[in-house]
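A.B. asks: One letter stands for each residue in the lines below.
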Amino acid sequence: MFALPKVENKRMIAVHGWSGIVLGLILYVVILTGMLAVFAEEIGDWSSGKVDHSSALSNPVDSIVTDLAAQTSDEYKDEVGLSTTSAGNLSVFFHGHFTEDGGSITERGVRYEVDGEGEIVKQIEGSPQEVFGEDATRALEDLFVDLHIRLHIPSPWGEIVTGILGLAMMVAAVTGILIHRHLFRDIFTIRRKTNEIVAERDRHSVAGTWSLPFTFILAFTGSFFSFTIAFGLPAMAMVAFQGDQEAMIEAVVGAPPEASDTKATGANLDSILQASREVAGSEPLFMNIIHYGSDVAQVNVGHAVEDGDFFRRTFGFDGATGEFTGEKPLVGSEPSAGANLVGIIGALHFGNFAGILSRAIWFGLGFASCYVTLTGIRMWLRRRREEQTQLRWLEKLTTTIAWGTPLSIAVGGVAFFLTLPLGLTVEWTMYGFLIGAGVILAFVPLLTEQRLADVLRAALALCLIGLPALRLAFGGPGWPDAFAAGDAMLIAIDIAVVVSALVIAYPLYGSRRFSIPHNKAVVAGPAE
Amino acid sequence: MIVLVTIAVSLSAIAFLGWVDPKRRRVDSADLSGQSIPKRVAIVVSCLPGVVLVALGEWPEFFLWTGSVSVAGWAFVVWLNAIEQSSQREN
Amino acid sequence: MATGADGETHRGAIVARWLIAGPLVLVTTLVTWVVMPLWVPKGPSGLDNILLSLVALPLIWAVLFHYALLERLQWRSALILFALLVSHGVALYFNFTGAV
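Chains as they are written, first to last, in our numbering: chain A, 1 to 528; chain B, 529 to 619; chain C, 620 to 719.
Calculated from the structure, these hints are not laboratory results. Hints should not be assumed to be uniformly reliable.
Said to hold, decoys possible - Subject to a maximum C-alpha distance of 20 Å in a straight line, what follows is the list of computed EDC-like cross-link-like pairs (lysine to aspartate or glutamate):
#, chain 1, residue 1, chain 2, residue 2
1, C, K661, A, D186
2, C, K661, A, D62
3, A, K122, A, D62
4, B, K567, A, D186
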């Protein structure tokens, strides 16, 4: 398609190859976990055994909030946030804004969790980080989501690393187009009759070409998020607002109405929820009340993403009268091009804009990107196999990471289910992941590359088969419970996990080289 | 719903293009045929739904279309080459 | 004359290419980007300058990086990058010292 001059073409090939070989393996970890993260919420619900997905805001909340307000200290009653916890309870967070000695503004308050019967099941006081904290039932989801966002490297360094990986992925996509002379003529051909290097090259470039537009989009949007979290937002605020934090917060979340000392009963929250339901045509997910209990109170109600929309919508109401005041933009107080753009970037990165369909497609795109990354690395190494025998360790490392990453996460999953009844999942899911990785690495020097690949495959298949079994054995809901609650996703994930295990194990079946002593597979994957 | 139709249209055109692709068939020692009129039509038909979705301003649908055509197109090519390889092995 | 793995002919030219595409592009990107909110229109929400700049960061780097790799005349890429760096550096200096 492009005919770069020879010198430039050679330089582009070098950049394409080196960006892949230096960063490709870590990039693979980020893409693989990103692929899982597309279904993070579903996997989280599946692992924690949540079958009831109804929003706690579907039930009356007004009297609950009034009762809770009566027992809450006045300094925390500036703002109230309502949402649903992973256990399906109503979370009510009363909090105030406090200016610290250094001039920075912090939030502090008290959070209540109220069950379906209206009983307070939990009450914690502190900063938002403290009161929301780490959720033990979501530890498996957190394991791979955190790997995807920052590779478990502390902020902001982890985000800087993943941001750089995003840039490398962009470079690989752009140089990949530039060096491919017959971009469209080759998209149907995988030559197998010729040698293995050519076949590998075809597999790489066919998958790469088909997924090209999305490789670029996912890489670009990913590095946008990484850099924005890591240093982008503070740096921009520093320049645009010359360090005035209060001015920036006001611009981002919209200037709050002036606080007022005049008390007011306020409109009934259930009527506001009902009004919002009518405007949005869907169930509310969260509610936020600014200047609670005063005559200038404002209520914002957020809804899930609807089909045909790119992002979730938030509607504003007058807290005193209950009157609808208009739709709120995603960022800022007025709708703007920038806010829309950021919303679209989010939708394009997460693939969450058309329910299961868009997410299934994004999962497939993630799988294609994993495949392109691995075949690219293998191809680069195969070509140099003859003249550079010292690179054999890198081939083995590629195999180790390719199978070892999903295996370690699966071992983390095993540890999660084993410790779920004890409430120790936050630590043990991570320990499981690390133990899995450690055991795999200990096996690397003992086996040939091919044998290693077989052992890791077998162990991964065993672990995956074990996950639904452990889920059930340790008190997770069975299929009848899921049917009763109308939750098809739990069943779908059980099936998907078992089917993946079978697909992964299938090439080993009847293979001559497959003669692993049984105990080794068990050591590598303590699922059984 | 419209998005499923656009995806089906594009994938049918891609399936046709893949099936008659000269380069792929040459690899399998079949005849070499040049750019035929049905092929040009198929190329236009495969891209048309995307253009229509953009023209209608249906952006979420457009990205659904692009994403599914990317993934399904790739899966189709892998499958096409795999069945041909296995049929050769049998011969 | 042996051609290097990346298509460059002199060792010196290879090093220069990587210094330009590596550190120089990085520093130029960061300085150009940090100045962006000062000239990008704020829009009705007063935030467009920040949001659009944030989105632009990976794109600025990608454009400058590929340009530096593909530009035949190395002195020209160096000159253009330096011009961008110095002009934006000056703007940044005045923003913080409040001289303008």
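A.B. asks: Against this structure, judge whether each hint is valid.
C.D. replies: Now for the hints, and whether the structure bears them out:
1. A threshold of 20 Å between alpha carbons decides the hint, and for K661(C) with D186(A) the separation of about 46 Å lies outside it, so the pair is violated.
2. Simply put, K661(C) and D62(A) have alpha-carbon atoms about 39 Å apart, too far for the 20 Å limit, and the pair is violated.
3. The straight-line distance between the Cα atoms of K122(A) and D62(A) is roughly 19 Å, inside the 20 Å bound, and the hint therefore holds.
4. Restraint check: the Cα-Cα separation between K567(B) and D186(A) comes to about 15 Å, which is no more than 20 Å; the hinted pair holds.
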